[in-house]
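**Student:** Make the full structure from the sequences, and use the hints.
Number of protein chains: 2
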Amino acid sequence: MVASVALVIGDASLETVPKQLVRHMAVIRHAKRLGKQPTEILLDRSYHHSAMVAGRLGSMWKRGRPDIVHFALQEALSTPLYLENKLSVYVYTINNKVILIGSNLRMPKSYFRFEGLMMKLFKDKIIKSQQDNRTLLELLDDVEFEHLIKNMARCSKCIGLSSGGLASTAQEVVSKYINGTARCQCTIVIGGFPKGHFSDYISNYLDNLYSIGKTKLEAHVVIARVLYECEKKMSMA
Amino acid sequence: MVASVALVIGDASLETVPKQLVRHMAVIRHAKRLGKQPTEILLDRSYHHSAMVAGRLGSMWKRGRPDIVHFALQEALSTPLYLENKLSVYVYTINNKVILIGSNLRMPKSYFRFEGLMMKLFKDKIIKSQQDNRTLLELLDDVEFEHLIKNMARCSKCIGLSSGGLASTAQEVVSKYINGTARCQCTIVIGGFPKGHFSDYISNYLDNLYSIGKTKLEAHVVIARVLYECEKKMSMA
Chain L
3 MVASVALVIG DASLETVPKQ LVRHMAVIRH AKRLGKQPTE ILLDRSYHHS AMVAGRLGSM
63 WKRGRPDIVH FALQEALSTP LYLENKLSVY VYTINNKVIL IGSNLRMPKS YFRFEGLMMK
123 LFKDKIIKSQ QDNRTLLELL DDVEFEHLIK NMARCSKCIG LSSGGLASTA QEVVSKYING
183 TARCQCTIVI GGFPKGHFSD YISNYLDNLY SIGKTKLEAH VVIARVLYEC EKKMSMA
Chain C
3 MVASVALVIG DASLETVPKQ LVRHMAVIRH AKRLGKQPTE ILLDRSYHHS AMVAGRLGSM
63 WKRGRPDIVH FALQEALSTP LYLENKLSVY VYTINNKVIL IGSNLRMPKS YFRFEGLMMK
123 LFKDKIIKSQ QDNRTLLELL DDVEFEHLIK NMARCSKCIG LSSGGLASTA QEVVSKYING
183 TARCQCTIVI GGFPKGHFSD YISNYLDNLY SIGKTKLEAH VVIARVLYEC EKKMSMA
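Those protein sequence lines, which keep their order, are chains L and C. Using our numbering, you'd call the opening residue of the first sequence number 3 and step up by one each time. Using our numbering, you'd call the opening residue of the second sequence number 3 and step up by one each time.
You may find that some hints are simply not true.
Where chains are identical, the list cannot tell them apart; a pair therefore holds if satisfied intra-copy or between any two copies.
Using 35 angstroms as the maximum straight-line C-alpha spacing, the simulated DSBU-like pairs for lysine-lysine come out as follows [stated by the list, open to error]:
| no. | residue 1 | residue 2 |
| --- | --- | --- |
| 1 | K130 | K218 |
| 2 | K218 | K152 |
| 3 | K111 | K34 |
| 4 | K130 | K216 |
| 5 | K99 | K235 |
| 6 | K34 | K159 |
| 7 | K34 | K152 |
These are computed hints drawn from the structure, not numbers from a lab. Only a predicted model underlies this, so the values are computations on that prediction, with no experimental measurement involved.
**Tutor:** Listed below in structure tokens is the structure:
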């Protein structure tokens with residue numbers, strides 16, 4: 003099924019601890035506390051800041067924030083649009099991995115459970131429902147962003163929302179790109195990282211870039227607003 | 003300063019482990035892992051479910067969900083309305099405690115940091131800024147809900163949003179109660195618990211109760227929508 007709207011959480015700050023940091027004591031201690039190998043745990047600036055600095059991790063300001071991705075996903079998957087199968091949601095990580103999200107997924111609100119789920123996903127690449135064996139989450143490695151938007155989300159337009167974009171409002175953007183028909187009209191890309199802008203790699207594939215706030219808004223706030231406006235527009239169509 | 007709108011997260015599922023559960027192994031183990039006393043840690047169903055069941059905790063279905071309060075607070079404190087001092091936010095817990103929230107508070111998105119902050123707040127009752135000593139958070143015990151809405155939030159009207167309320171929309175509710183003037187026009191109460199409805203105790207003080215979704219919406223979704231509509235209304239005033 004192709005949903006009416008696709009949401010991509012782009013440059014998402016979600017990854018397991020990179021190899022160059024796995025021998026740092028902060029990582030080893032944290033992994034031990036979680037009962038995991040250092041390579042299995044999520045990079046998390048709250049715990050691994052010293053390791054990230056010592057290891058001189060590239061693009062450090064954008065990395066190690068799984069909490070941001072957790073909030074963004076929670077926001078998207080709590081909307082009536084998603085619950086009614088009118089929204090497809092993808093996570094495109096900072097390392098070019100794609101997380102496919104099945105329909106009717108109840109993403110855990112507890113960070114402890116979310117973290118467990120993501121560690122399992124990065125390890126096993128797929129998570130299936132224990133009840134009916136359908137795929138809940140799937141992780142694909144090395145996916146071109148172009149492939150994601152053209153062959154997976156399959157919308158005719160792809161726009162980005164970022165404080166660096168053209169000044170607009172959620173309502174204006176939605177009325178321009180969403181008309182409420184069944185086939186996907188628009189992929190909306192929102193940054194899943196704490197600071198900075200989309201990578202040039204993602205920016206190249208955006209038809210347009212808009213800013214929907216007078217001030218900088220956090221990813222989950224942008225998601226809440228734009229999906230709410232989509233819902234209003236689509237219920238009128 | 004009295005803000006234009008007050009938000010109360012009511013019957014909030016946030017408390018430290020009740021005395022009758024502190025000897026349960028699940029609680030002792032979890033406290034040890036956090037390096038705290040069992041009485042100091044937050045009741046959390048993800049970890050303490052077995053203790054809650056064994057201890058036959060009253061109103062169990064509404065308790066032990068600090069993650070819900072975390073999401074709800076994050077949603078409210080990320081809005082331009084709060085950041086521009088036009089919104090005051092209160093948490094009214096299931097045990098009649100009030101959390102006062104200072105202006106310009108950056109609530110941690112990382113649950114680990116939020117949990118640490120809340121444990122400190124429940125212990126010390128007050129958290130001040132290390133930079134300028136102003137109060138960021140304050141916890142008051144045994145506050146009557148009436149005192150909160152009449153003497154603290156000080157709005158002329160107090161409405162609740164709940165799936166059990168009169169069918170409406172966020173836009174309709176806001177246009178009825180918010181007119182954008184400086185003094186507080188309305189206190190909006192939203193449930194900070196996973197299931198069920200407001201307690202009778204809170205319901206008694208609500209002038210009206212509305213449902214703003216065709217389906218049940220989670221607390222953070224309701225907060226995002228109603229505050230977004232307030233912002234739109236107030237920017238037009």
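**Student:** Run every hint past the structure and note whether it holds.
**Tutor:** Here is how each hint holds up against the structure:
1. K130 <-> K218: The answer is between: 26 angstroms across copies meets 35 angstroms, while 37 angstroms in one copy does not.
2. K218 <-> K152: both (29 angstroms within a copy, 34 angstroms between copies)
3. K111 <-> K34: both (24 angstroms within a copy, 23 angstroms between copies)
4. K130 <-> K216: between (42 angstroms within a copy, 30 angstroms between copies)
5. K99 <-> K235: Result: close within a single copy only, 32 angstroms intra versus 41 angstroms inter.
6. K34 <-> K159: For K34 and K159, the Cα distance exceeds 35 angstroms both inside one copy (45 angstroms) and across copies (52 angstroms).
7. K34 <-> K152: neither (41 angstroms within a copy, 50 angstroms between copies)
Hints 6, 7 from the list above are not met by this structure, while the remaining hints are.
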